[in-house]
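Construct the complete structure from the given sequences, taking the supplied hints into account.
2 protein chains.
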Amino acid sequence: MDKNNRSKTKITSKEDNYSEWYLDIAKRWELYENSPTPWCITFLPKAVSIWEGIKSNVSDILKNNWVQDIYLPLLIPMSFLEKEKDHVEWFSPELAVVTHAWWKKLQENLVIRPTSETIFCDFFKKRLNSYRDLPLLYNQWVNVMRWEKRTRPFLRTAEFYWQEWHTLHETEENAYDFAMNIHNNVYMETIREVLAIDWIAWEKSPSERFAWALNTYTFEWMMSNWWALQMATSHILSQSFMEQFDVSFQNKDWKKDYPFYTSWGVSTRLIWAMISSHSDDKWLIIPPKLSEYDAVLLPIYTKDNNEDIEKYIWKIGEILTWNKKTVSIKWDYFKSQIWNNWKTLIDNRKVRLWEKINDFEISGYPVRIEFWDRDMDNNNVVIVSRITWKKEIVKLEEIKDTVDNMLKEWQEELLRQSTERLEQDTIVCYSINEIGEAIKDWKFALYEWDLNEEFETEIKDKFSATIRCIPSEGQYTDDLLTLKDKNNVKVIVWRNF
Amino acid sequence: MDKNNRSKTKITSKEDNYSEWYLDIAKRWELYENSPTPWCITFLPKAVSIWEGIKSNVSDILKNNWVQDIYLPLLIPMSFLEKEKDHVEWFSPELAVVTHAWWKKLQENLVIRPTSETIFCDFFKKRLNSYRDLPLLYNQWVNVMRWEKRTRPFLRTAEFYWQEWHTLHETEENAYDFAMNIHNNVYMETIREVLAIDWIAWEKSPSERFAWALNTYTFEWMMSNWWALQMATSHILSQSFMEQFDVSFQNKDWKKDYPFYTSWGVSTRLIWAMISSHSDDKWLIIPPKLSEYDAVLLPIYTKDNNEDIEKYIWKIGEILTWNKKTVSIKWDYFKSQIWNNWKTLIDNRKVRLWEKINDFEISGYPVRIEFWDRDMDNNNVVIVSRITWKKEIVKLEEIKDTVDNMLKEWQEELLRQSTERLEQDTIVCYSINEIGEAIKDWKFALYEWDLNEEFETEIKDKFSATIRCIPSEGQYTDDLLTLKDKNNVKVIVWRNF
Numbered sequence: 001m002d003k004n005n006r007s008k009t010k011i012t013s014k015e016d017n018y019s020e021w022y023l024d025i026a027k028r029w030e031l032y033e034n035s036p037t038p039w040c041i042t043f044l045p046k047a048v049s050i051w052e053g054i055k056s057n058v059s060d061i062l063k064n065n066w067v068q069d070i071y072l073p074l075l076i077p078m079s080f081l082e083k084e085k086d087h088v089e090w091f092s093p094e095l096a097v098v099t100h101a102w103w104k105k106l107q108e109n110l111v112i113r114p115t116s117e118t119i120f121c122d123f124f125k126k127r128l129n130s131y132r133d134l135p136l137l138y139n140q141w142v143n144v145m146r147w148e149k150r151t152r153p154f155l156r157t158a159e160f161y162w163q164e165w166h167t168l169h170e171t172e173e174n175a176y177d178f179a180m181n182i183h184n185n186v187y188m189e190t191i192r193e194v195l196a197i198d199w200i201a202w203e204k205s206p207s208e209r210f211a212w213a214l215n216t217y218t219f220e221w222m223m224s225n226w227w228a229l230q231m232a233t234s235h236i237l238s239q240s241f242m243e244q245f246d247v248s249f250q251n252k253d254w255k256k257d258y259p260f261y262t263s264w265g266v267s268t269r270l271i272w273a274m275i276s277s278h279s280d281d282k283w284l285i286i287p288p289k290l291s292e293y294d295a296v297l298l299p300i301y302t303k304d305n306n307e308d309i310e311k312y313i314w315k316i317g318e319i320l321t322w323n324k325k326t327v328s329i330k331w332d333y334f335k336s337q338i339w340n341n342w343k344t345l346i347d348n349r350k351v352r353l354w355e356k357i358n359d360f361e362i363s364g365y366p367v368r369i370e371f372w373d374r375d376m377d378n379n380n381v382v383i384v385s386r387i388t389w390k391k392e393i394v395k396l397e398e399i400k401d402t403v404d405n406m407l408k409e410w411q412e413e414l415l416r417q418s419t420e421r422l423e424q425d426t427i428v429c430y431s432i433n434e435i436g437e438a439i440k441d442w443k444f445a446l447y448e449w450d451l452n453e454e455f456e457t458e459i460k461d462k463f464s465a466t467i468r469c470i471p472s473e474g475q476y477t478d479d480l481l482t483l484k485d486k487n488n489v490k491v492i493v494w495r496n497f
Numbered sequence: 498m499d500k501n502n503r504s505k506t507k508i509t510s511k512e513d514n515y516s517e518w519y520l521d522i523a524k525r526w527e528l529y530e531n532s533p534t535p536w537c538i539t540f541l542p543k544a545v546s547i548w549e550g551i552k553s554n555v556s557d558i559l560k561n562n563w564v565q566d567i568y569l570p571l572l573i574p575m576s577f578l579e580k581e582k583d584h585v586e587w588f589s590p591e592l593a594v595v596t597h598a599w600w601k602k603l604q605e606n607l608v609i610r611p612t613s614e615t616i617f618c619d620f621f622k623k624r625l626n627s628y629r630d631l632p633l634l635y636n637q638w639v640n641v642m643r644w645e646k647r648t649r650p651f652l653r654t655a656e657f658y659w660q661e662w663h664t665l666h667e668t669e670e671n672a673y674d675f676a677m678n679i680h681n682n683v684y685m686e687t688i689r690e691v692l693a694i695d696w697i698a699w700e701k702s703p704s705e706r707f708a709w710a711l712n713t714y715t716f717e718w719m720m721s722n723w724w725a726l727q728m729a730t731s732h733i734l735s736q737s738f739m740e741q742f743d744v745s746f747q748n749k750d751w752k753k754d755y756p757f758y759t760s761w762g763v764s765t766r767l768i769w770a771m772i773s774s775h776s777d778d779k780w781l782i783i784p785p786k787l788s789e790y791d792a793v794l795l796p797i798y799t800k801d802n803n804e805d806i807e808k809y810i811w812k813i814g815e816i817l818t819w820n821k822k823t824v825s826i827k828w829d830y831f832k833s834q835i836w837n838n839w840k841t842l843i844d845n846r847k848v849r850l851w852e853k854i855n856d857f858e859i860s861g862y863p864v865r866i867e868f869w870d871r872d873m874d875n876n877n878v879v880i881v882s883r884i885t886w887k888k889e890i891v892k893l894e895e896i897k898d899t900v901d902n903m904l905k906e907w908q909e910e911l912l913r914q915s916t917e918r919l920e921q922d923t924i925v926c927y928s929i930n931e932i933g934e935a936i937k938d939w940k941f942a943l944y945e946w947d948l949n950e951e952f953e954t955e956i957k958d959k960f961s962a963t964i965r966c967i968p969s970e971g972q973y974t975d976d977l978l979t980l981k982d983k984n985n986v987k988v989i990v991w992r993n994f
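Listed in order, the protein sequences are those of chains C and E. So the first sequence is numbered by the working numbering: it starts at 1 and just counts up by one. So the second sequence is numbered by the working numbering: it starts at 498 and just counts up by one.
These are computed hints drawn from the structure, not numbers from a lab. Accuracy of the hints is not assured; some may be wrong.
What follows is a set of in silico ranges between Cβ atoms, one per label pair, in the way DEER data are often shown [stated by the list, open to error]:
| # | chain 1 | residue 1 | chain 2 | residue 2 | range |
| --- | --- | --- | --- | --- | --- |
| 1 | C | Glu108 | E | Lys753 | 48 to 54 Å |
| 2 | E | Trp599 | C | Ile432 | 37 to 43 Å |
| 3 | E | Glu686 | C | Lys395 | 34 to 40 Å |
| 4 | C | Trp90 | E | Lys752 | 54 to 60 Å |
| 5 | E | Lys808 | C | Asn129 | 32 to 38 Å |
| 6 | E | Pro590 | C | Ser79 | 21 to 27 Å |
| 7 | C | Asp308 | E | Glu686 | 32 to 38 Å |
| 8 | C | Gln250 | E | Asp805 | 31 to 37 Å |
| 9 | E | Thr954 | C | Glu108 | 41 to 47 Å |
| 10 | C | Trp90 | E | Arg913 | 55 to 61 Å |
Keep in mind the model is a prediction, meaning the values are calculated, not measured. We put the beta carbon where it would ideally sit given N, CA and C, even for glycine.
Here is the structure:
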């Protein structure tokens, strides 16, 4: 809620120009700002707080799975990347290279990490001796850098933030089980329950994997402009990658063996997914679970009522077991409170009402509670939802339930809308012609596929479409789609863009 | 608690060789590891969790002061640093410079931030128009890079993590008030209450400030080897710095004016302070408030009792209102729980007892609770403090109070010891000779000083000592020291090293 930006940028309509609409929304609601560093952006506080919200959700589940947080160096010796030919070829165009320090040429160039597999290999190598040491499970929340040629805020910029985790397992089955567990408990949970976005997920087709990966997993999401977007990726790396770095262990039979390596990541790209999934032609919509604050308290000051209104708010605070410990704040701008498990903000500035309401609207926070003179005697307050714009006058003792319900309902409603869009946009196909029709119509085409590569090439040539993912058994049928014959459907095909 | 490192490094005694002792402790207890990137280290999970603990404490207070988190780019155009001559001269030897991307020479070199004042100036410039926009209060939790020639883990390495905040104020008084507020509520609180370290703090003498700072504040701490260490620094920047970047605003009289800029930071150097303040010749000691877990639960399995012991733990969990929601964890290593406001870890591995106890000892977590066969019938458990090694047999219903007290007492005891050392090592002096004696004796010398520079030079020449800081009025006398004539004491002098 930056108080300086009062610009009333006109927002391009989503239908007229999706790209412009997105930029307008993200700029108007102060999520990013262009930066003087080329190909980079400044992440404004609202974006940072959304990312912190995602982080705290993912972190908790990771810790329960005994994945430990670590910081490996930002800079990676160039020779590390060069060890794996496919890997360096993939990333080398995008590398930012540090050649100098102390104004002298370095003995060896260092690159700013585009991803950390190679330096994790070095780390693992030192820690892995026997099968007893496995699994090794590490994660880091860091910034990475890939020099993309065309940038778009949060989707593609040179510097972005992500969580990357790296694990080693004794067998491919262990690696797969772990992958499945994390997929279900971390990504599925976070993307659906927190971001309120529905998706189709699982394996990439062999033709769409990284060269150095045994398998690649993904979440495919149907954006509101009918693009398909990849939200999270994970890989099980080939053992040849392990051989290059000589990451090995003594197995149960006392023989040298190579572990199975999985790496995973979700990035600040999720902010992009969130913005473009829920927002409309006018407003930025943040799912309540990702909102920095749940409610803003607006005392409506008049000339004479300052003290009364403040007393009134404190009274309510006491009823709702305000956390008194953090109250004594000297700074006279806003105050944040944990109020009965909500995070609330008091806008106690002595400014005009429209200014407070304007700031609230820009904030994206879901609920505001107004405290008026006229309501004090009846112990009432006015509650307004920023989502439905419904206004309710409620008794003090009803505040808690009213706001709780507003938040819960809106979180569910956003997911419902997302699921509905996904269902509408996914067509079960029984022939190549039906696939063609679906693709022309900008839909996901579901089709039973026997992994025949010729068929894949034919679809690609005829309809310029690629396979987006091979959904995991049962997952999408149970959770996502009402299909007549679930078991025949194995593949999702989608128009390339 | 990395299960792979069983190395029993012998720890050099503190008295024999302080530097070696520190490295031994930090390595043996797995806080860092050397990295393949020169001048950098790998921050191992224990160090990351300590840093996260510091972060969560500081973050909460910052948010209550309406300082917002932001991410400005990692890379700063070289021209920005060159705008402020003193600034670039100070940092230029330590800069890591990115000269290439896409294998091509960049139009302008970019440096990895050594600190972010210059790019914040650019950011502020765009947001500042009128005095109404002030104050502007931003913070970021990021990595920075300074190519130090001599490295030492957590104290000085090329890459480190820190929190840097940057604020603009209308008047010097506003800036000073804000600084005072943050100093008292954030740094004082965190360093004393959380890190359990006592210190002497406030202004640097004019001769010790940065060239571009109007004033510099610091926390000086007496390490257990009698070095003086600076733990946190903050600056009020000169307005000439603002002029260079043309960060200005229209003041109340409709005239162009320059704001007062403060910048602040605490870094992962605090991990160094924590280690070397509390640890001894054998153990790493982590203050309970910074420990990732408060207690480890150790079921002692025998051949036949697996089920019984597990049931017993669950029973206790229920008594102490275990948070059931997060219990269903598939992964069979450790489980972490919020248990009655403690963070607990169950070591339910079926390994030998000594291995579990050894891991507990390495962990640095303050308390373990053992569950034995023989105690189940009497509803007893064994509680062991890793600090005092006191063993207590307590009834189920006493667990909570016993552990709560252990944690509380130990946190207080660590601070008490730190305060005691500081008091012993601080001498009130009334003459230049007494100052000389104190310095020779490796003490802090307190002396009333009239800001006379000749006197400062004399001390410097005679005793190779510098002024460490000018304590704020009353602060050290009330909180810290029992001095006979409080009001005469204004200055701290200390031997340079």
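Here's how the hints hold up against the structure:
| no. | hint | result |
| --- | --- | --- |
| 1 | Glu108/C <-> Lys753/E: 48 to 54 Å | 49 Å, holds |
| 2 | Trp599/E <-> Ile432/C: 37 to 43 Å | 40 Å, holds |
| 3 | Glu686/E <-> Lys395/C: 34 to 40 Å | 39 Å, holds |
| 4 | Trp90/C <-> Lys752/E: 54 to 60 Å | 57 Å, holds |
| 5 | Lys808/E <-> Asn129/C: 32 to 38 Å | 36 Å, holds |
| 6 | Pro590/E <-> Ser79/C: 21 to 27 Å | 26 Å, holds |
| 7 | Asp308/C <-> Glu686/E: 32 to 38 Å | 34 Å, holds |
| 8 | Gln250/C <-> Asp805/E: 31 to 37 Å | 36 Å, holds |
| 9 | Thr954/E <-> Glu108/C: 41 to 47 Å | 45 Å, holds |
| 10 | Trp90/C <-> Arg913/E: 55 to 61 Å | 57 Å, holds |
Of the hints listed earlier, there is not a single one the structure fails to meet.
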